[in-house]
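Given these sequences and hints, build the entire structure.
2 protein chains.
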Amino acid sequence: MITVNAANKLIRNITYKRKEIFIPIEHASEEILAEDIIADRDFPPYDRVMMDGIAVKLQTSKKSIRYFIEGIQKPGKNQKTLKNPDNCLEVMTGAILPKNCNCVIPYECLDIVNNTARVKISYKPKTCDYIHKKGSDAKKNEKLIPIGETISPIHTAIAASVGKSKVKIFAKPQIAILGTGDELIPIANTPSTHQIRQSNIYSIESALKLNGFSCNRKFHSKDKKDLLKNKIYQLSQEFDVLIITGAVSMGKFDFIPGILKELKANIIVYKIKQRPGKPFLFARLHNKLIFALPGNPVSSLLCTLRYVLPFLLRTKGRAQFLPIKSAITPNKKLTLFIGAKKQESSKGYFIKPIYSHNSGDLISLKDADGFIEIPPSAKEFKPGSLVKFIPWKL
Amino acid sequence: MITVNAANKLIRNITYKRKEIFIPIEHASEEILAEDIIADRDFPPYDRVMMDGIAVKLQTSKKSIRYFIEGIQKPGKNQKTLKNPDNCLEVMTGAILPKNCNCVIPYECLDIVNNTARVKISYKPKTCDYIHKKGSDAKKNEKLIPIGETISPIHTAIAASVGKSKVKIFAKPQIAILGTGDELIPIANTPSTHQIRQSNIYSIESALKLNGFSCNRKFHSKDKKDLLKNKIYQLSQEFDVLIITGAVSMGKFDFIPGILKELKANIIVYKIKQRPGKPFLFARLHNKLIFALPGNPVSSLLCTLRYVLPFLLRTKGRAQFLPIKSAITPNKKLTLFIGAKKQESSKGYFIKPIYSHNSGDLISLKDADGFIEIPPSAKEFKPGSLVKFIPWKL
Chain A
1 MITVNAANKL IRNITYKRKE IFIPIEHASE EILAEDIIAD RDFPPYDRVM
51 MDGIAVKLQT SKKSIRYFIE GIQKPGKNQK TLKNPDNCLE VMTGAILPKN
101 CNCVIPYECL DIVNNTARVK ISYKPKTCDY IHKKGSDAKK NEKLIPIGET
151 ISPIHTAIAA SVGKSKVKIF AKPQIAILGT GDELIPIANT PSTHQIRQSN
201 IYSIESALKL NGFSCNRKFH SKDKKDLLKN KIYQLSQEFD VLIITGAVSM
251 GKFDFIPGIL KELKANIIVY KIKQRPGKPF LFARLHNKLI FALPGNPVSS
301 LLCTLRYVLP FLLRTKGRAQ FLPIKSAITP NKKLTLFIGA KKQESSKGYF
351 IKPIYSHNSG DLISLKDADG FIEIPPSAKE FKPGSLVKFI PWKL
Chain B
1 MITVNAANKL IRNITYKRKE IFIPIEHASE EILAEDIIAD RDFPPYDRVM
51 MDGIAVKLQT SKKSIRYFIE GIQKPGKNQK TLKNPDNCLE VMTGAILPKN
101 CNCVIPYECL DIVNNTARVK ISYKPKTCDY IHKKGSDAKK NEKLIPIGET
151 ISPIHTAIAA SVGKSKVKIF AKPQIAILGT GDELIPIANT PSTHQIRQSN
201 IYSIESALKL NGFSCNRKFH SKDKKDLLKN KIYQLSQEFD VLIITGAVSM
251 GKFDFIPGIL KELKANIIVY KIKQRPGKPF LFARLHNKLI FALPGNPVSS
301 LLCTLRYVLP FLLRTKGRAQ FLPIKSAITP NKKLTLFIGA KKQESSKGYF
351 IKPIYSHNSG DLISLKDADG FIEIPPSAKE FKPGSLVKFI PWKL
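Going down the list, the protein sequences come from chains A and B. The numbering used here numbers the first residue of the first sequence as 1 and each following residue consecutively. The numbering used here numbers the first residue of the second sequence as 1 and each following residue consecutively.
In short, the hints are calculated from the structure, not lab data. Among the clues, some could well be false.
As the list claims (entries may be wrong) - Below, a list of computed lysine-lysine pairs in the DSSO-like style, where the Cα atoms sit at most 30 Å apart: (1) A:Lys352 with B:Lys143; (2) A:Lys366 with B:Lys278; (3) B:Lys332 with A:Lys124; (4) A:Lys126 with B:Lys388; (5) A:Lys134 with B:Lys273; (6) A:Lys143 with B:Lys352; (7) A:Lys388 with B:Lys388; (8) A:Lys172 with B:Lys172; (9) B:Lys209 with A:Lys341; (10) B:Lys278 with A:Lys124; (11) A:Lys332 with A:Lys379; (12) B:Lys347 with A:Lys347; (13) A:Lys252 with B:Lys57; (14) A:Lys224 with B:Lys99.
Said to hold, decoys possible - Derived, one-sided and incomplete: chain A residues facing chain B with beta-carbon distance under 7 Å: (15) Pro24; (16) Glu26; (17) Ser29; (18) Phe43; (19) Asn78; (20) Ser136; (21) Thr156; (22) Ala160; (23) Thr193; (24) Glu205; (25) Leu365.
Note that beta-carbon positions come from the ideal geometry of N, C-alpha and C, so glycine has one too.
In structure tokens:
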């Protein structure tokens, strides 16, 4: 058995190659960019009018406040030319600045009578006012967003602006979840006294979805060794990541560790000094990754949040540490994971621990916002102590 | 013109009716529950074995440490009966506790030789050990999750356990985005000098998606009044929420305010004392809601985050306030929204303001994590002052 931190390190050391795929820019939010985004022309590509009003040529020699309106420069139309420097052209936001102009004066600062614009006395226009100069934000061929960035709404707009209707991203892994347990029946069925409905495969899928991943297929297998072995072999061929729940502990029908040995999987982690979730297993089989989580519902969800998702997200030490409301007695040898509600006070957020009766008790955790992690210690954690908070959405 | 807070209040006062729909439980993560989830039987439904090991009948009269193994109670099988109270039955996690048993002793505490289990000297079993008692977490007909809850992975597991393969949720609104502007061309096209590519409709869709909403359809219209009026009328029939970008300010072709008046829309907000995004408009038309955002790319994204998404999310005052790294000079009359990068130091998170050249400058904001909101004030905001942070993902 190893510690939580040692297990985490072993898991995080394993990398997996993500395919590079193209997807429509509007679906790329929060994906990881697999190419540099380059300016295909200057940003902005022309001297762009930034306010509705008039474009004029300010001249140091002459301070005019009255401009006859020669015409109008509409957005999306070819560049016009101001013919007489004493006149003006009406201009609209987004339009190209007409030739021979060096200033835009907004309507708010004008009175227009008889096709003549008069600048309000209080307003002093300056050269370059309300002109978004060609190339002032970026030059043609400049790298605008580097490979590896997580795509934000601003990136979406930038990529669209340079003509990327599709962007290259690192594809998320194909994930399957395999439930085990002869006592488990499909949700829609009516259980006999000794049966319960499948819930782990759904809660794990829910946690994946909340964190931006999909479960591509869900399966359930009876606790028969040959069946299970064939299924695991088949799924490890087909999917990048296989999450198994149940059959990983010491029971007579806990076939997973044995099967993985027979399949010559490289077992990287098996059993962690923690409660709940001790019999967690992580292995590599033909470059595919297998997480085998204990079958108790609290354990399987905790292990998804603590090990599977950080591996998938490749997040680096972004843990939240928050003060606890009430004292917690740690275990001397095991890391404890306890349900947690994040609450707000005038002094900021704090954590209210929520204890479940045991790792089969989902109900007590219905108000939880995640878990807290209490490392092994001989000393009590006093109220106000900072503890690591693991939210549903990491 | 009204203040940011006044506008926000007017917008938040408008409610919209959400349809109630059923969706598969595995897709319901983060949706709002539209029904109570009730226990269809006790939780757990039977005395459930919690560890792999043996089930015995502890008797005060006799302290036995050796138990002959009568048989095995597998998960998913009918309840067996321990025939001889001096013997034991092997049991596996998840199985129903056999009749005549009151304690489970884990394998870890046993040595098994010749079909006889011997309890390790150091281990002292107690009545009820490792038995998850029928009904100990919840009783049949108990309300487990109330209507209105945001569905977490734990809720998913609970709903699955009570047989909800589908759950009733409040459906998200059908949303359309309508771009305007004759200077804008489709992403995949090659622009002429005076043209730029559409980006607002994509960045808005990206921000919606990041926050759990979909844009059901995207459109673009030329700046022709009749075209635009017909389009707005048609879309307001078809969708719950219409987000328009551009054509809302003072330009000659800014037809939106006029069109909405002609359509007899109830204009609730028009123009806000803020920079950027002043000409923001919010209206109601036949119980459908219309957000008309200024066309500059930074303005349209800011207004999506500050007004559209809080309206859709119905979030209540969950704002984050974080200290700023460098001094900021507020405007005396307008609320300023400034790009912001959230950075981490040993003292926690702080905000580095990111200034864009103007509301057309996307490039400067490429490293931003959102915006900060600086209310009007005559006094400088010193480094360390707390300001409201508006992240891409609210």
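Do the hints match the structure? See the list:
1. A:Lys352 with B:Lys143: holds (22 Å)
2. A:Lys366 with B:Lys278: violated (43 Å)
3. B:Lys332 with A:Lys124: Holds - the C-alpha atoms of Lys124 of chain A and Lys332 of chain B are around 19 Å apart, at most 30 Å.
4. A:Lys126 with B:Lys388: The given pair, whose Cα atoms are some 33 Å apart, is violated under the 30 Å limit.
5. A:Lys134 with B:Lys273: Roughly 29 Å between the alpha carbons, so the hint for Lys134 of chain A and Lys273 of chain B holds.
6. A:Lys143 with B:Lys352: holds (22 Å)
7. A:Lys388 with B:Lys388: At roughly 25 Å apart (the allowed maximum being 30 Å), Lys388 of chain B and Lys388 of chain A satisfy the hint.
8. A:Lys172 with B:Lys172: holds (26 Å)
9. B:Lys209 with A:Lys341: Holds, at about 26 Å.
10. B:Lys278 with A:Lys124: holds (21 Å)
11. A:Lys332 with A:Lys379: Holds: Lys332 of chain A and Lys379 of chain A sit about 9 Å apart, inside 30 Å.
12. B:Lys347 with A:Lys347: Answer holds: Lys347 of chain B to Lys347 of chain A is near 15 Å, not above 30 Å.
13. A:Lys252 with B:Lys57: holds (21 Å)
14. A:Lys224 with B:Lys99: Answer holds: Lys224 of chain A to Lys99 of chain B is near 26 Å, not above 30 Å.
15. Pro24: At about 9 Å, which exceeds the 7 Å cut-off, the nearest Cβ of chain B leaves the hint on Pro24 of chain A violated.
16. Glu26: holds (5 Å)
17. Ser29: Where the cut-off is 7 Å and the nearest Cβ of chain B is about 4 Å from Ser29 of chain A, the hint holds.
18. Phe43: holds (5 Å)
19. Asn78: This interface hint holds because 6 Å falls under the 7 Å limit.
20. Ser136: This hint holds: Ser136 of chain A lies near chain B, its Cβ roughly 6 Å from the closest one there, short of 7 Å.
21. Thr156: Since the shortest Cβ distance to chain B is 4 Å, the answer is holds.
22. Ala160: Constraint on Ala160 of chain A satisfied, holds at 4 Å.
23. Thr193: holds (6 Å)
24. Glu205: holds (5 Å)
25. Leu365: Cβ of Leu365 of chain A sits 5 Å from chain B, so the hint holds.
Of the hints listed earlier, those the structure fails to meet are numbers 2, 4 and 15, in rising order.
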